[in-house]
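**Student:** If you want the building blocks of each chain, they are given just below.
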Amino acid sequence: MGEPRITASVLKVLAGLLAEPGAQRYGLELMQDTGLPSGTLYPILARFERAGWVESRWEQIDPAAEGRPSRRYYVLTAEGTVAARREVALMRQQMSRAAGPLGQAQEA
Amino acid sequence: MGAVDRLARAAVLVAARRWPDDLAGVMRDEWLAELAVIGEPWRKLAFAGSLAVSPGVDEPSWRERAENAGRLAAVAAGVTLLAAVATNLARATEALAPVMLLLGAAGLALAGRRVRGSVALAGVALFAFLFAGNPVPMMPFMGARDIAPAVAVWTIGMAVALRARRRWVAVAGGLVTLDLAVVAGSAHAAAALGVPAWTAPAWFPLALLPGGTVSFGPHLGDGPAFHASGILLANAAVSAGPFLLCTAFLLASALTGKTGEPARSSGHLTRRVTDAARAAVSRLGVNARRGAAGAVTALATLAVAPALPAAGGDPDVVLRRLLDNSTAFGFGFVEHPVGLGAVALLAALLAMRATDSLTAA
Numbered sequence: 082m083g084e085p086r087i088t089a090s091v092l093k094v095l096a097g098l099l100a101e102p103g104a105q106r107y108g109l110e111l112m113q114d115t116g117l118p119s120g121t122l123y124p125i126l127a128r129f130e131r132a133g134w135v136e137s138r139w140e141q142i143d144p145a146a147e148g149r150p151s152r153r154y155y156v157l158t159a160e161g162t163v164a165a166r167r168e169v170a171l172m173r174q175q176m177s178r179a180a181g182p183l184g185q186a187q188e189a
Numbered sequence: 017m018g019a020v021d022r023l024a025r026a027a028v029l030v031a032a033r034r035w036p037d038d039l040a041g042v043m044r045d046e047w048l049a050e051l052a053v054i055g056e057p058w059r060k061l062a063f064a065g066s067l068a069v070s071p072g073v074d075e076p077s078w079r080e081r082a083e084n085a086g087r088l089a090a091v092a093a094g095v096t097l098l099a100a101v102a103t104n105l106a107r108a109t110e111a112l113a114p115v116m117l118l119l120g121a122a123g124l125a126l127a128g129r130r131v132r133g134s135v136a137l138a139g140v141a142l143f144a145f146l147f148a149g150n151p152v153p154m155m156p157f158m159g160a161r162d163i164a165p166a167v168a169v170w171t172i173g174m175a176v177a178l179r180a181r182r183r184w185v186a187v188a189g190g191l192v193t194l195d196l197a198v199v200a201g202s203a204h205a206a207a208a209l210g211v212p213a214w215t216a217p218a219w220f221p222l223a224l225l226p227g228g229t230v231s232f233g234p235h236l237g238d239g240p241a242f243h244a245s246g247i248l249l250a251n252a253a254v255s256a257g258p259f260l261l262c263t264a265f266l267l268a269s270a271l272t273g274k275t276g277e278p279a280r281s282s283g284h285l286t287r288r289v290t291d292a293a294r295a296a297v298s299r300l301g302v303n304a305r306r307g308a309a310g311a312v313t314a315l316a317t318l319a320v321a322p323a324l325p326a327a328g329g330d331p332d333v334v335l336r337r338l339l340d341n342s343t344a345f346g347f348g349f350v351e352h353p354v355g356l357g358a359v360a361l362l363a364a365l366l367a368m369r370a371t372d373s374l375t376a377a
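Chains as they are written, first to last, in my numbering: chain A, 82 to 189; chain B, 17 to 377.
Derived by calculation from the structure, the hints in this document are not laboratory data. Model, not experiment: these values are computed from the prediction. Be aware that one or more of the hints could be misleading.
Computed cross-link-like contacts, SDA-like style, restricted to lysine to any residue with a CA-CA straight-line distance of at most 20 Å [as the list claims (entries may be wrong)]:
#, chain 1, residue 1, chain 2, residue 2
1, A, K93, B, S70
2, A, K93, B, S77
3, A, K93, A, R167
4, A, K93, A, G116
5, A, K93, B, R87
6, A, K93, A, Q105
7, A, K93, A, A132
8, A, K93, A, A145
9, A, K93, B, S66
10, A, K93, A, Q113
11, A, K93, B, R44
12, A, K93, A, L111
13, A, K93, A, M172
14, A, K93, A, G103
15, A, K93, A, P118
16, A, K93, A, P150
17, A, K93, A, G148
18, A, K93, B, A188
19, A, K93, B, V30
20, A, K93, A, E147
21, A, K93, A, S151
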């Protein structure tokens with residue numbers, strides 16, 4: 082399976098997952114962190130999982146005791162962490178290059 | 017469970033059904049679990065609504081869908097325009113018209129092997145072009161009540177024919193559709209002129225022949241008498257030519273895709289012309305070649321389009337053209353600056369698109 086196409090929304094999710102690389106995150110939480118709607122977030126997470134960038138697992142709880150169904154958690158894999166750092170760094174590099182002349186002009 | 021919960025749950029279930037089989041169940045359970053912890057009703061609806069209206073993981077994005085629709089619409093309009101021009105050129109050869117029409121159909125079929133088309137958008141383009149190009153005063157039976165049934169029957173018939181699994185069934189379905197479309201578009205004329213209904217199956221093939229080849233129906237006119245079939249077939253000829261050429265394009269487009277054959281140029285001459293064009297455009301920058309192709313094509317269209325046969329104001333000329341089928345398509349819309357500009361813009365867009373294809377190939 083090839084790597085996901087990098088878009089602004091994909092970068093937001095990567096940056097959100099990179100904030101705590103080993104942490105288990107669930108969809109609603111990532112929606113709040115990234116500001117993305119559900120219809121955009123979940124297809125991106127599915128593509129990440131197909132590419133081996135994230136792994137998912139169901140939360141082990143007793144739904145009756147907790148009063149809610151089990152959540153599905155996502156965590157960045159080692160490969161996903163490398164890819165996420167690479168893509169976010171590349172984006173920052175491009176942004177700083179684009180903002181360079183503007184930043185210099187503002188400083189002057 | 018309240019109405020909001022039921023609505024949100026239904027939207028999530030609908031959204032999950034659009035996902036691939038291996039993910040649909042997992043995603044449904046995950047979304048229902050998230051819905052269960054969302055408190056505010058509006059957030060529940062926003063969560064479920066976004067999933068319901070957004071493309072699934074393997075579906076094209078809205079942007080890709082819009083780009084694809086725009087591309088198909090431009091192709092449909094371009095093919096219709098090309099079919100109308102080719103029909104007029106074929107009609108101008110009078111006795112050779114049937115042969116030229118078949119050559120035109122072969123040319124559009126070659127184009128169809130390289131470009132994907134849409135039946136529905138071709139139907140919309142055909143209706144718009146036939147309606148705008150042939151004002152009613154020129155063609156007495158070219159109003160909406162004549163064109164609309166013809167285009168509707170053609171669009172539905174082609175959509176069914178192109179679903180056929182076997183090539184010969186699709187081609188036969190296309191031919192039957194052409195016949196039925198011309199019958200549907202000429203039924204009003206036949207009723208008004210008193211042409212017998214049993215002649216209907218022959219209207220399409222006869223409309224491809226030069227005017228006056230076969231005559232039937234009541235005699236009309238005070239001076240040199242002519243048969244009602246002259247008027248009926250002249251009107252039928254207006255749509256029969258573009259229908260035939262667009263059918264050839266769509267059949268070739270669909271059948272090439274069905275057999276999985278790679279889109280490629282056919283024959284050495286086509287390949288050499290394509291290679292030469294590709295070499296020429298590769299010497300220019302991307303934007304320069306797109307801009308140059310668009311500007312040259314737009315200017316050429318602005319220069320050539322006004323020379324296309326337009327609806328004449330002289331009744332004698334109109335009647336003669338009607339009876340000998342020499343003007344099959346009125347091109348009334350290019351008489352107006354907006355119509356002329358739209359045609360030039362369309363031609364420029366298609367030329368720019370073709371330049372992109374040459375570059376990418």
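**Student:** Evaluate each hint against the coordinates.
**Tutor:** Hint by hint, here is what the structure shows:
1. For the hint pairing K93/A with S70/B, the CA-to-CA distance comes to about 18 Å; that is within 20 Å, so the pair holds.
2. Restraint check: the Cα-Cα separation between K93/A and S77/B comes to about 18 Å, which is no more than 20 Å; the hinted pair holds.
3. Our distance criterion of 20 Å between C-alpha atoms is met by K93/A and R167/A, whose separation comes to about 14 Å.
4. Restraint check: the Cα-Cα separation between K93/A and G116/A comes to about 9 Å, which is no more than 20 Å; the hinted pair holds.
5. A hinted pair counts as satisfied when its Cα atoms are at most 20 Å apart, and K93/A with R87/B does not qualify at roughly 30 Å.
6. For the given pair, K93/A sits about 17 Å from Q105/A by alpha-carbon distance, which is consistent with the 20 Å threshold.
7. For the proposed pair K93/A and A132/A, the alpha carbon gap of about 17 Å is at most 20 Å, so the pair holds.
8. Between the alpha carbons of K93/A and A145/A the distance comes to roughly 35 Å, so the proposed pair goes past 20 Å and is violated.
9. Between K93/A and S66/B the alpha-carbon distance is near 18 Å, which keeps this suggested pair within the 20 Å criterion.
10. Distance check on the hinted pair: K93/A and Q113/A sit about 11 Å apart at the alpha-carbon level, within 20 Å; holds.
11. A threshold of 20 Å between alpha carbons decides the hint, and for K93/A with R44/B the separation of about 24 Å lies outside it, so the pair is violated.
12. Our distance criterion of 20 Å between C-alpha atoms is met by K93/A and L111/A, whose separation comes to about 10 Å.
13. With a C-alpha separation of about 11 Å, the suggested pairing of K93/A with M172/A holds against the 20 Å cut-off.
14. Pair hint K93/A plus G103/A holds up; C-alpha atoms about 17 Å apart against a cutoff of 20 Å.
15. For the hint linking K93/A to P118/A, the alpha-carbon distance of about 12 Å falls within 20 Å, and the restraint holds.
16. Restraint check for K93/A and P150/A: not satisfied, since their Cα atoms lie roughly 27 Å apart, outside the 20 Å limit.
17. With a CA separation close to 31 Å, the supplied pair K93/A and G148/A exceeds the 20 Å bound.
18. Between K93/A and A188/B the CA atoms are separated by roughly 53 Å; this puts the pair beyond 20 Å, and the hint is violated.
19. Under the criterion of a C-alpha separation no larger than 20 Å, the hint pairing K93/A with V30/B is inconsistent with the structure, at around 27 Å.
20. Restraint check: the Cα-Cα separation between K93/A and E147/A comes to about 31 Å, which exceeds 20 Å; the hinted pair is violated.
21. The straight-line distance between the Cα atoms of K93/A and S151/A is roughly 25 Å, outside the 20 Å bound, and the hint therefore fails.
When each numbered hint is compared with the structure, violations occur for hints 5, 8, 11, 16, 17, 18, 19, 20, 21.
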